[in-house]
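**Q** So the chains spell out like this:
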Amino acid sequence: MGINYNMYLHLQTFLREFLLFIISICLLVCWPTSSMQAQQDTLFVANYGSEEDIASPGLAKLSGTIMDTDGVLPLFGVELFIRRIQQKVRTDTKGYFEMAVPTGKHLLEISGKGYLKKRVQLNIYQDGILNLNLLPEDYQLEEVLILDQGAESKVAEKTVGLERMSVKQMERKALLMGETDVLRSIQTISGVSSVGDGASGFNVRGGNTDENLILQDQGLVFNPTHALGFFSLFHPDLVSGVELYKGGLPSKYGGRLSSVLDVKLRRGNTEQFKARGGVGMASSRLSFEGPIKKNRSSFLVGARASYIDWMLRAINDADLQKSDAFFYDVTAKVDGFIGQNTQAGISVFNSFDDFTFADEAKIDYETRSATAYVNHILGEKASLSFNLNAGQYISSLFDLKGTNQSEFDIDINYYRSRLNALIRFSENQNLNVGVEGNLYDVTPGTIEPVGEISSIQPQTLDKERGLELSIYAEQNMTFGEVFDLTVGLRFTSYRNIGPGTVYLYPEDRPKDFAVVTDSLVFGSGETIASYSGLEPRVSFKWNLSSNGALKGGYYKAFQYISQISNTAAAAPIDIWQLANYHIGPQEADNFSLGYFHEFPDRGLEASFNVFYRDIKQLIEYKDFAELILNNHLETELLRGNGRTYGAEFYFNKRKGRHQIETNYTFSRALRKVEASETQVGINAGEWFPSNYDKPHNFNITYFFQTRKNNNFSVNFTYSTGRPITAPVSNYTNDNLLNIPVYSDRNKFRIPDYHRLDIAYTATFKQKKETDDKHAITLSVYNLYARKNAYSVFFRQSPFQAIQAFRLAVLGTMFPSITYNFQF
Amino acid sequence: MHKNRIQHIFLLLGCVYAFSMLGCVDEIRFNIDTDERKISLDGLLSDSLMTQTINLSYSSIIGVGNDNIQPPVEGAVVEIKDGEGNSFLFEEVSPGTYERFMAGEIGRSYQVEISLPDGNKIMSRPIIMQPSVPVDSLAYSIEAVAEINPSGNLVSANFMNVRAITRIRDGIRPFLRWRAQGVYEFREEYSGALNVRWCYVRENLDINNLVIGDTRGLANGFDFQEDILTKELDGKFFYQYALEILQYSMSEEEYTYWDNISSILNRDGSIFNPPPGTVRGNLFDPNDSDNEILGFFSVASVTFKRDIITPNNLGFSSIPKTCFSFRSAARQIQACSDCTVLSGSTQERPPYWD
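Those sequence lines, one after another, are chains A and B.
Residue numbering for the first sequence follows my numbering, starting at 1 and increasing by one per position.
Residue numbering for the second sequence follows my numbering, starting at 824 and increasing by one per position.
Check each hint, because a few of them may be wrong.
To be verified - The list that follows gives simulated cross-link-like pairs (lysine-lysine, DSSO-like), each with its CA atoms no further than 27 angstroms apart: (1) B:LYS861 <-> A:LYS672; (2) B:LYS861 <-> A:LYS401; (3) A:LYS113 <-> A:LYS168; (4) A:LYS747 <-> B:LYS1054; (5) B:LYS861 <-> A:LYS322.
The set of hints was computed from the structure by calculation and includes no laboratory data.
Quick caveat: nothing in here was measured; it's all calculated off a predicted structure.
Isolated chain B (complex conformation) (with noise of 0.2 angstroms):
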């Protein structure tokens, strides 16, 4: 916590020194001439009940057009064995994707073993799931942010800043990670409207994003706090909204690797970066220790909690009406005559829904 922090303010520092002093950020050409792929691994064994995924791929080629083609690995073998001598093998479901539904004990340790179509092996070192610890609320708040929009005007915005708060209870300093989605009513509306739908659409909060918390650096009797979202408050919170926070507990060495994962992304080219370097998870080949498996098979317990917001209990009245108030526009302005057209979209109303 003390080093994540104290390297997060003198970068912040670096940086806002630099640029106050007439710096300047700007996109240029960059060549790359490479052509190495190599398999990674993205896959979590939590100690739900439910339908849990291994996914397996090819890295992408940067550089030559196709940064974001990640072949699938197919016909593998995967299996998580346990600290018990048990085996579970897993179904692939679609190209590259193994699934099984199941759930993994807190204080057992589990390992993944998969065997690749070409005789190559992959494993994992085994990893102890960590006790559960639970979020114990939710804290919010608003905050305006003008910015200057692609067509040059000056245009603000309202944002939602969330805050995680843990109590660390029995002396446990857990190492955390937090995933967040959200749904919120979206009604039709459009002219001579005879019977209006209402839909219900599930987003994913944190695409791109990754937010961790070490609660080593706590002193005692302290709740650990971690800002772990900001969203902005758009027609999605007209009707009501609601805010479902996972926070997964995991080991130290899987934090290590999602922190040594942040620092390459956050990368700003402050004066003061450290160098950035390639992540090693706790996968490896057995029979060739040259051979770099990228990615984490991640043994995490997991706690859920959901808030539901209005803008009543935000405090905040101006928030615009659902339809047309989207800054992006086709498949919006589409919506409010269809609203089934929304990706992760349903007629249903979920039963926690007022």
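Bound-form chain A, shown alone (with noise of 0.2 angstroms):
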């Protein structure tokens, strides 16, 4: 009954995103075109009034908004010339300009780093609003011999901590498999780390993989992993960047304690249709696009699906010559202007990852998300945009053994909406105002009995209910050419909604179940717990010299779901644990301060940034706890305080044939459990290393381009191992049983961890005056073959000495080929 509800859900959940797409592409499709639109075209005209309508010559007033591809994001620093007579303007942080401009015709040139040019032949003969999107560059994937790729300078960027990183520098990565993929690439960037091969997420300056707000699109992805882990979910042909803040953190983002990864997924191709595809070792991928309307509204859909099968069949065992391994993805998007001011999408996104062991044992788990959108320009000095979205991720076990047979799942439904303003007072000064609404649907966990032999009995944990809304305002203020600051609040208050129960404990003694004094009821929507809490975020940068900044923030973040889970790598089938009764939302306080540097002319930039966090109410769990199936979930989680802190040196050089990229981050992550009336402790109430503290860690990629089209690219890492917990002593019982004694949580360390890699990318293009190309890129992973530990286990034989073994997930050279097409 249960399985075919949930396939009714499926289907009910398919229908409604696939009629959202059809509606969406017939009104792109059928919107009527006004004679001014910010058009994609290299060069167009644009008429404001006619010769006839002016008396004499003057000026005219020429002003606008530059945005990105995806009309969300405003762009900084753009810069608007007019060559024949020597007129510059730049854009400021919210992408708007003003210039006067002498009456008559003139080229407008308009360029920003990282995105293509585009030329204006401007006929101004009154004041007019010019607003246009630039294309990255990666957009065309063409060939520069100067690779800069970033989309801004270190320096010139207002956010403290905010990393940007575009496809293209991605791909210049040496990956596993070949594959270009953007988990494995922002690990590169310092204070990025994970715990290991194949695990899954990332552990942004000592946090928790959960503590990181993973947006596509604007929606949530609560497992960024195919695979178990090996590869990102995000399809590369599709994106067409990433942005992640590791420091401060803007107002309009929040519901995570250490960082944002934002990515955007590229708009379709307005004028022309493209194909683009890859094939690799591991998978295989295919996008279209083009217009539905020309110039005014594209599609894009690509799909991404594995074969690694052949590696299980490649091993000479029978049960994994009877498994499978399986993962696909399906995105697609539209997206287009409606009038002149207004431009709306929907994207929709879906994927699946199948893992079956022999006869016994199988996991599914799926993410599907739909996303609809709308920015509109309000004239000169304002604009809107609202986001909807709404998601799902899914996950399932199998066990197919005998009268074990059962399946257990776990569902996040979630449904979330922005609605965000942006005033501009005047050239330095704008506001940024919004409200944000979360609505959580979580079944932490059914069981059910398949088939009928099975004796498995039935059990389903309550559905648990949150919603988070946070309203916010952010003021960005300009003080001549020396000073930016950014002052914001954000306010969030979250209820825990019923229906539900609630058990009560003693107040004198640790939470335990098998002492349950008393228990609340909580009807359909009644308030079963709330909280709320201002957060308030400031970031500076002071430029001390043309090329050297000093930046700062500080950030407060509160977080009222967390992923429940005591492994050191987050696992598919971990809870999503919504803030409740007994479980108060974490929160944390961020500090950060760093010089930045650069010296254009040579392509150089560094700098070296200090951060601190101060954690509250974290969460940790007790020796053994019971995650899985436990109604009474709070009785094994304790509360503590965190922090953690450290230092990021990074230097870049980005212009030549010869670059290089590197980075060294000391970090530490510690916690502190204290025993108390109605808790135990960890390790006596002191301070001890997280999972995720690595104090060293070290980057460094040497990109080479060899010829025009061909690169070379080596990369090192370098780490700290992670802590673990190791025995000190045994002890025997009657059937020679070797017993261990552990250690103080987190007392010793894993090897240390390094490895090479090293790529060369061969492009073969067809015609010059096109973008069609295909290429081959030959990589090899973990070039010297190091058996870096992911854990380190022990065991014992009777009356032997206790052995230590490592576990090397990627303990071997990974050679790869993967071809690339573009046409």
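Now that you have both chains on their own, put them together as the hints suggest.
**A** If you want it as structure tokens, here you go:
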């Protein structure tokens, strides 16, 4: 019955998304055209009045906003240049510009770092507005000799701790099986790490994986990986770039303690039909894009599917040869202009993973999301953006064996919406205000017998529902060309909503489900628990010289939904726990300070950052915590404090045939859980390192462009081994069972990690005047085949000394070849 | 039951997947520098009238070459007290080993109290002896397994899997633990043998093995089934083999203790292994809560089941003959001419032997 109902829900979701998709295409195709549009032409004509309208030559005011391809991100520092009269202005932080232009005909050149140049033939005889979107350079995969890929230099960027990475930068990294991978790429950024090869998620400045807010086109991503953690969920051909906020967090973001990873999907090509794809050793991908209505609306659709079964078949093991591993993802997006000042679009995404081990077990997990967005420019001084998201994450674990045949499911549904207004008071002052709502509906665990011989007793944990509402305002101020200040405030209000039952425990002893004193029953819609808090946000940039800047930031954040996992790597079947009566939100205060310097002529830049995070009410776990199918989860959790601190050094040479990017991070991530009347402590209440405490982290990427179309890259990474708990003693029982006695939590460390990868890409362009091309990438991951320990575990046979074993997940050299094409 | 099964399945998937991605496991040196010893207790009080034993020792120190040295705790005063106010004093029969002939009573609570020679005390929390639950039947299956031996050759062997089937009665959902032992017949065989002797050899089948079961997740109307033993079908089965299963019914607290032990013993380094920790039993120092006492004072009812196994009733005829058919060599080869050298051997034919 449960399965049928699930199938019904799946079908319903699919139909809903499909209908939305069709409606959006119809809207975009049928919407009327206006005479003046922000077109995607390389050169187009903009007419403002006519020569007859003016009595004598004078000045006309041209103003407008330059946005990125999605129309979501205003582009800062874009240069608008009229060569003939040598007049030049730049856009402000909100992409806004104003310029006084002599009436007449001019050729306006618009250029921004990392974006394709655009030229506009101006016939201007009266004041006018020009709103444009720029396409990223990656959009055409053009070969350029000087590869300066960052959207902004780190000095120009106003937000401390904001890292941008384009797909082209990701393609430079020599990656596992030749797959361009968002998550693996960002792990080469200073302050970003993971617990090991194949681990799901990433850790920012020592934070948990669930402390990262991961967005794809504003849709939430709860599990960003395929294949239990080996590959990233994001289709690289469809991504325009990623932004990782690890320091100063804008007020529009919230809900997570450590970072925000904002992955933006591209718009489709509005001029011509294009296809891209690639064939790799693990998966193949294909995408199509093109205009729905030329220069006005476009579609983009792409899919990826794996065939990693061959690895299982290659292993001389009967069970593995009967096993299957498979994943796919499908993404579609339509986008276009509606009228002169409105851009709208819809994107849908579905990813699915399956791994079956012989006739024993199987795991499936699936992410679905649908996003609709509208951006509207309100005259010269304001713009509005609105987005609506719905999504679902489902994971299922199947036991296929005998009387244990069963299906265990976890399900998270969410609905998310945000309305944001940008008000521009002047060139140097603007205000960003908005409201955001997130509704979560979580089924934390259901087990059902499968088949007639199953002896499994069905069990369903109570559904949980939480509503998180936020309102925020942020003022950006520029004082001359010296100082930029952003001050913001975000207020969040959270309710855990019934129905639900809350168990009460004695207040003079640790919570124990065997000692429940009473229970409270809440009806549907009743508030079970509520929390609220103010989250101040401040960041500044002080230009100490033309090439050097001091930046700092502070933000506070509350987290109302947490992944409950006591394993080193997050697992697909980990539950996400909403804040409730017993489990309050986690909160963190984050401080960042950094100095950035660049030598533009040489293409060099360097930075030094320090950071500190203070965490309250962080979630820890009792030894041997029972986290699955536990209606009394609060009895297994401990609450404590945490702190992470460290320093990051970054050096980059971004120009020339030889380029280098290197960073070193010193970082500590510590926790403290003290015993109290209501909980036991950890390590006698002393500070101890978290699972993600890796003090030293070093990355270096060398990139060499051998010829115009070919390039070679080398990547080396080193990090301290992560902490583990190891046996320090043992005792024996009557059947010679050697029972280890473990040390304090995380007292020891696994061996250090280091790895060298290389890649060579040969690109073949068929016609010079088009961007049709194909490329072959040869890469070797882990060139010197180091057996990096993912974990160390211990075994002891009777009368034998204890033995330590190292599990290396990718413990060998991994060559690969990938073919990519675009036409 | 749900939790264990789900965790087991997931760990299995994680480990298999890691290996399929060219994973590998190898032994490494790992420096552990510690000199901490703690007192450990291993004791069981059952409802069978028999010699009940409690062992007291210090834990070993790892990493300094003393991994298995666990000095006994001598000269302690060990007694068990029941909920009715009765006290049962145990006698130290060898260093660190304390015994008494007695039986526990189902439904009554018991705890141990120990006075150490240095004046310190150890106590256990009281535990009620649970009702006994018999094994209804044992089911057997045979599985051929091929493996590469130390010489690098592919060898195959047949293994017998034993599953215990327990009917759940009266709505009682017991926590179970199984122990297994066996008796086999061994006949001397050597060149020119004149007076061949037959020995009956008792062996422990669960050395370094722990099998427990939680029946709470079982649907109504089903028997509880647990795979409790895998044993190679070697020459010990040539004549006949007596398989003896002890099924203990224990408290939830004890089950949790063994369940936690099981989780730290079965660690495989999988990417989804939960972290290990120190398993705390039901023992404590009443005068110093920071003084951790290792082990568990077990109070459990026990039932016994014996099956006589012959090649015929296994439906398996290709069992090698006893002598020289063992994998391990020296002692067995010596036993071919003197079966009394085998550990647990007696020439006295068991009364149940046909």
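**Q** For every hint, state whether the structure bears it out.
**A** Going through the hints against the structure:
Only pairs whose Cα atoms come within 27 angstroms are accepted, and B:LYS861 paired with A:LYS672 is accepted, the gap being roughly 25 angstroms. Proposed proximity of B:LYS861 and A:LYS401 is contradicted: the alpha carbons are some 42 angstroms apart, above 27 angstroms. A C-alpha spacing of about 14 angstroms is found between A:LYS113 and A:LYS168, which places the hinted pair at or below 27 angstroms, so the restraint holds. Note on A:LYS747 and B:LYS1054: the hinted pairing is violated, with a Cα-Cα distance of about 38 angstroms set against a maximum of 27 angstroms.
Distance check on the hinted pair: B:LYS861 and A:LYS322 sit about 47 angstroms apart at the alpha-carbon level, beyond 27 angstroms; violated.
Checked against the numbered hints given earlier, the structure breaks hints 2, 4 and 5 and satisfies all the rest.
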